[in-house]
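Q: The listed protein sequences derive, respectively, from chains Y and W. Counted from 1, the first sequence has number 456 at position 456 by the working numbering; the numbering is strictly sequential. Counted from 1, the second sequence has number 9 at position 9 by the working numbering; the numbering is strictly sequential.
In short, the hints are calculated from the structure, not lab data. There could be a bad hint or two in this list.
To be verified - Straight-line alpha carbon distances no greater than 27 Å define the calculated BS3-like cross-link-like pairs of lysine-lysine that follow:
hint, chain 1, residue 1, chain 2, residue 2
1, Y, K13, Y, K142
2, W, K23, W, K231
3, Y, K15, Y, K142
4, Y, K294, W, K312
5, W, K15, Y, K142
6, Y, K142, Y, K371
Unchecked claim - Label-pair restraints from in silico Cβ distances:
hint, chain 1, residue 1, chain 2, residue 2, range
7, W, G365, Y, T188, 53 to 61 Å
8, W, G363, Y, T188, 55 to 63 Å
9, Y, E202, W, P246, 24 to 32 Å
10, W, S128, Y, Q244, 25 to 33 Å
11, W, G365, Y, D311, 57 to 65 Å
12, Y, A247, W, I57, 50 to 58 Å
Unchecked claim - Per the computed footprint, the stretches of chain Y lying under chain W, defined by three or more beta-carbons under 8 Å from a beta-carbon of chain W, are:
hint, segment
13, 191-204
14, 249-255
15, 266-276
16, 284-298
We put the beta carbon where it would ideally sit given N, CA and C, even for glycine.
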Amino acid sequence: MTSDEAILAAAEKVKAAGPSAPRLARDPVNMAAIRNWTDAIGDTSRLYTDAEFAARSVHGQLVAPPAMVQVWTMPGLIAQRGNDDHAADAGGDPLGQMMRVLDEAEFTSVVATNCGQTYDRYLRHGELLSLRSELTDVSGPKRTALGEGWFVTTRNVWYSGDEPVAEMDWRVLKYRPGRPAPAPAPPTPAMAMRPAISADTEFFWAGMKVSELRIQRCGECGALRHPPGPACLRCGATRNQGYQVAAGTGSVYSYVVHRHPPVPGKNLPIVIALVELDEGVRVMAELTGIEPDKVCIGMPVRTSFIRIDDDLVLPGWRPAEHGTPGMLSEQTLPELTIQVTPTFVVSTAIATRDFYPVHHDRDFAVATGSKDIFLNILTTTGLVQRYVTDWAGPDAIVRGVSIRLGVPCYAGDALTFSGSVTAADSAEQVIAVTGSCSLGNHVTGTVLLGNTVRLAGVP
Amino acid sequence: MQTAIAGIGATEFSKASGRSELKLAVEAVRAALDDAGLRPADVDGLVTFSMDSNAEIAVARELGAGELTFFSLIGYGGGAACATVQQAAMAVATGAASVVVCYRALNERSGRRFGQVAVGAALGSTSSALDNAWHYPMGLATPAATVAMAARRYMHVYGATSADFGTVAVADRKHAAANPAAWFYQRPITLAEHQESRWICEPLRLLDCCQETDGAVAVVVTSLERARFVKPAPVLIRAAAQGSGPGQYTMTSYYRDDLTGLPEMGVVARQLWAQAGIGPADIRTAVLYDHFTPYVLMQLEELGFCPRGEAKDFIAGGTIELGGTLPLNPHGGQLGEGYLHGMNGIAEAVRQVRGTSVNQVPGDGPVLVTAGTGVPTSGLILGPD
Numbered sequence: 001m002t003s004d005e006a007i008l009a010a011a012e013k014v015k016a017a018g019p020s021a022p023r024l025a026r027d028p029v030n031m032a033a034i035r036n037w038t039d040a041i042g043d044t045s046r047l048y049t050d051a052e053f054a055a056r057s058v059h060g061q062l063v064a065p066p067a068m069v070q071v072w073t074m075p076g077l078i079a080q081r082g083n084d085d086h087a088a089d090a091g092g093d094p095l096g097q098m099m100r101v102l103d104e105a106e107f108t109s110v111v112a113t114n115c116g117q118t119y120d121r122y123l124r125h126g127e128l129l130s131l132r133s134e135l136t137d138v139s140g141p142k143r144t145a146l147g148e149g150w151f152v153t154t155r156n157v158w159y160s161g162d163e164p165v166a167e168m169d170w171r172v173l174k175y176r177p178g179r180p181a182p183a184p185a186p187p188t189p190a191m192a193m194r195p196a197i198s199a200d201t202e203f204f205w206a207g208m209k210v211s212e213l214r215i216q217r218c219g220e221c222g223a224l225r226h227p228p229g230p231a232c233l234r235c236g237a238t239r240n241q242g243y244q245v246a247a248g249t250g251s252v253y254s255y256v257v258h259r260h261p262p263v264p265g266k267n268l269p270i271v272i273a274l275v276e277l278d279e280g281v282r283v284m285a286e287l288t289g290i291e292p293d294k295v296c297i298g299m300p301v302r303t304s305f306i307r308i309d310d311d312l313v314l315p316g317w318r319p320a321e322h323g324t325p326g327m328l329s330e331q332t333l334p335e336l337t338i339q340v341t342p343t344f345v346v347s348t349a350i351a352t353r354d355f356y357p358v359h360h361d362r363d364f365a366v367a368t369g370s371k372d373i374f375l376n377i378l379t380t381t382g383l384v385q386r387y388v389t390d391w392a393g394p395d396a397i398v399r400g401v402s403i404r405l406g407v408p409c410y411a412g413d414a415l416t417f418s419g420s421v422t423a424a425d426s427a428e429q430v431i432a433v434t435g436s437c438s439l440g441n442h443v444t445g446t447v448l449l450g451n452t453v454r455l456a457g458v459p
Numbered sequence: 001m002q003t004a005i006a007g008i009g010a011t012e013f014s015k016a017s018g019r020s021e022l023k024l025a026v027e028a029v030r031a032a033l034d035d036a037g038l039r040p041a042d043v044d045g046l047v048t049f050s051m052d053s054n055a056e057i058a059v060a061r062e063l064g065a066g067e068l069t070f071f072s073l074i075g076y077g078g079g080a081a082c083a084t085v086q087q088a089a090m091a092v093a094t095g096a097a098s099v100v101v102c103y104r105a106l107n108e109r110s111g112r113r114f115g116q117v118a119v120g121a122a123l124g125s126t127s128s129a130l131d132n133a134w135h136y137p138m139g140l141a142t143p144a145a146t147v148a149m150a151a152r153r154y155m156h157v158y159g160a161t162s163a164d165f166g167t168v169a170v171a172d173r174k175h176a177a178a179n180p181a182a183w184f185y186q187r188p189i190t191l192a193e194h195q196e197s198r199w200i201c202e203p204l205r206l207l208d209c210c211q212e213t214d215g216a217v218a219v220v221v222t223s224l225e226r227a228r229f230v231k232p233a234p235v236l237i238r239a240a241a242q243g244s245g246p247g248q249y250t251m252t253s254y255y256r257d258d259l260t261g262l263p264e265m266g267v268v269a270r271q272l273w274a275q276a277g278i279g280p281a282d283i284r285t286a287v288l289y290d291h292f293t294p295y296v297l298m299q300l301e302e303l304g305f306c307p308r309g310e311a312k313d314f315i316a317g318g319t320i321e322l323g324g325t326l327p328l329n330p331h332g333g334q335l336g337e338g339y340l341h342g343m344n345g346i347a348e349a350v351r352q353v354r355g356t357s358v359n360q361v362p363g364d365g366p367v368l369v370t371a372g373t374g375v376p377t378s379g380l381i382l383g384p385d
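With these hints in hand, go ahead and build the complete structure from the sequences.
A: And the structure:
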């Protein structure tokens, strides 16, 4: 078996070779493939297939769905990866070479985990793409929910002629199945940690259910306190303790980004903020609607109410509107639920030109440790794009889609997308998207939207 | 009456002890009694943490001790460590008992792991559950997270950085690397490795967090007079104190005016200095409770080793490493040696006074030990007879 050091040495060699030679797509960007893709994904935008509509659009002509970019250079059923066998320094496919190194080390299974695509411009029908791929990172061995494995990251650039048109950071986990760490169960209301409630604190939790953030107020001296308790902390009175409803505005006094270990009922990471209310008391709650790295001490927030079920509503924070640029408006996208039938799994796999049997052959999928056939990552990427463009309309320009895969989405499940605008300025919007199925979060990610078109052929 | 530590004992520190916590407790207590040249029959008092799984009577029974005249549990997690010795000393000083053993045994890696979320912590009708109700359901549910909240504010106010926290981890691991009893024996880390370690709960990284350890430690307390008749030279308990601050919570005292100090440690510090009649400048080496690195900086400030906000400057340049002006945690601390809820730090302080530590700090000056931070806590000053 190959040692860790040998794997890393091989990785260094492949990395040092730099980008592969260009690999040409088999076919140019074409209507037939686009129709198969839009049919399977359920993308009804007329930009891609209706020449008249497209001519009047911001693009002025027919374009391809941006999330299809990887489809054009997929190897296909009869693998076209002709140059895989070449050594890296002879321009071969670096991912294929790294996969062989890890196969030899008995990390035999593979699953895609992350895909971050950026689109320099939309593609016209008729353009023939080529792909150059470069190994950027190999890290491991890591213990994962699937087994011990190595994360392999490549940087991929698509060209139309000499012009780069799209980039993708692509990460796969190459792993040795078996002895999997138990996967954390997906959050459900039943798992949420519930608060102990006493006669002194009941008013707070009752307030939550009617969307009121109630702060204990002493009827004798007027002092406020939180967390509540039996006495006034200023005058000592134990009688006449009431409450007032907070205005719901304040600023972050301190905060954490919790990443480990799992917290029942939560999808990590979460931001938990200790907020100083404008009334002068501090209250701690989860801060949502913002990327963790955008949070800062002093940022204005306002109260939200996180409903767990009929019995429990938790306090929460959202970034205050009209906050600093880059902080977020409140806009939420309507949910979209897709019934993931076997036909859906198979048709999307084929429409994305992914013929790996786990996406169409149930017996093969089961024999290799899966419950059933499951969605491929190109489809998930496409669905995330479709979910956002369904909402944003044909004038929105998709500049990038970045996703991280969680639990598999098996045939027979339902996949529900939700999303919200997490950052917006006059030129760009960031949409956070989550797709969850019965096992938990299948995908989390972001879509970057711009509002100015970059014309095809004009870099 | 003056009191002394007459013996210390411990099991090995591991990730999987392969035996019950009660067995670990009995082994450590026996080792401590052997060290003191005493027999189980001499023991008439036992003290442990309220978090310990092993009742005093169970330990006494398994030990073959006879009658007990004093038994006591101290609350608030690791804050209990030095207070067990204080309780024992008070029992001896008042005549309630003559030989009191303090112990703590835990399978903290192979059994209940404190770093995981205790899902039932906010359930029930105790005041603790009601306190936890303001944090656990919201997702702040691990010790690291509770410390991270204070650490973030401390960084904001004083400009401390993650690398400053890393300085503590590097010193601990350097010391542990030379301590054969330490889990991280011969495995030092660099500051770069600290900075590359993954986030657990920002701003805390993996290497800011103490280990998870299986093991047990015991300490025998008796009168100084009696201790003088036993094998090793007695270690005098020069000061022992507990402290809780105003507006105190367990790990979540977030509603005080300030979030950048540890007032409960200030309460302990004032008592320790007054009882021993000395000040920070007299301390030869200190074992500061290090479940998470940021609180080591705050402790240095509360204890008066440096002004508020200046710990980051105080610890720079090797001050807290062996050979520095205030070596901290010569055994490697709970990041380097093992997480025994602070009791292994007391054992190291005893070795430093005896002159038997593998990382002996030169001199015969007093040694300071502190207990768990962020909670009601305790401290000791030990010195030679």
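Q: Work down the list of hints and note, for each, if the structure agrees.
A: Checked hints:
Restraint check for K13(Y) and K142(Y): the C-alpha separation of about 21 Å stays at or below 27 Å, so the hint holds. Distance check on the hinted pair: K23(W) and K231(W) sit about 25 Å apart at the alpha-carbon level, within 27 Å; holds. Between K15(Y) and K142(Y), the direct Cα distance comes to roughly 20 Å. Compliance with the 27 Å bound is thereby established for this hinted pair. Between K294(Y) and K312(W) the CA atoms are separated by roughly 26 Å; this keeps the pair inside 27 Å, and the hint holds.
The hinted pair formed by K15(W) and K142(Y) meets the criterion: a straight-line CA distance of about 19 Å does not exceed 27 Å. Using a Cα cut-off of 27 Å, the hinted pair K142(Y) and K371(Y) holds, with the two alpha carbons roughly 24 Å apart. Separation of G365(W) from T188(Y) is about 58 Å and conforms to the stated range, judged on CB atoms against 53 to 61 Å. In this structure, G363(W) and T188(Y) meet the distance hint of 55 to 63 Å, their C-beta atoms being roughly 59 Å apart.
With their beta carbons about 26 Å apart, E202(Y) and P246(W) fall inside the hinted range of 24 to 32 Å. One distance hint, 25 to 33 Å for the beta-carbon pair S128(W) and Q244(Y), holds here, with the actual separation near 27 Å. Between G365(W) and D311(Y) the beta carbons are some 59 Å apart, a value that agrees with the proposed interval 57 to 65 Å. In this structure the supplied range 50 to 58 Å holds for A247(Y) paired with I57(W), their Cβ-Cβ distance being about 55 Å.
With a cut-off of 8 Å between beta carbons, the segment 191-204 of chain Y has 9 residues touching chain W; three or more are needed, and the interface restraint holds. Counting residues of the segment 249-255 of chain Y whose beta carbon lies closer than 8 Å to any beta carbon of chain W gives 3, which meets the minimum of three for the stated coverage. Remark: the segment 266-276 of chain Y is confirmed as covered by chain W, as 4 of its residues place a Cβ nearer than 8 Å to a Cβ of that chain, reaching the required three. Counting residues of the segment 284-298 of chain Y whose C-beta lies closer than 8 Å to any C-beta of chain W gives 5; at least three are required, and the coverage claim holds.
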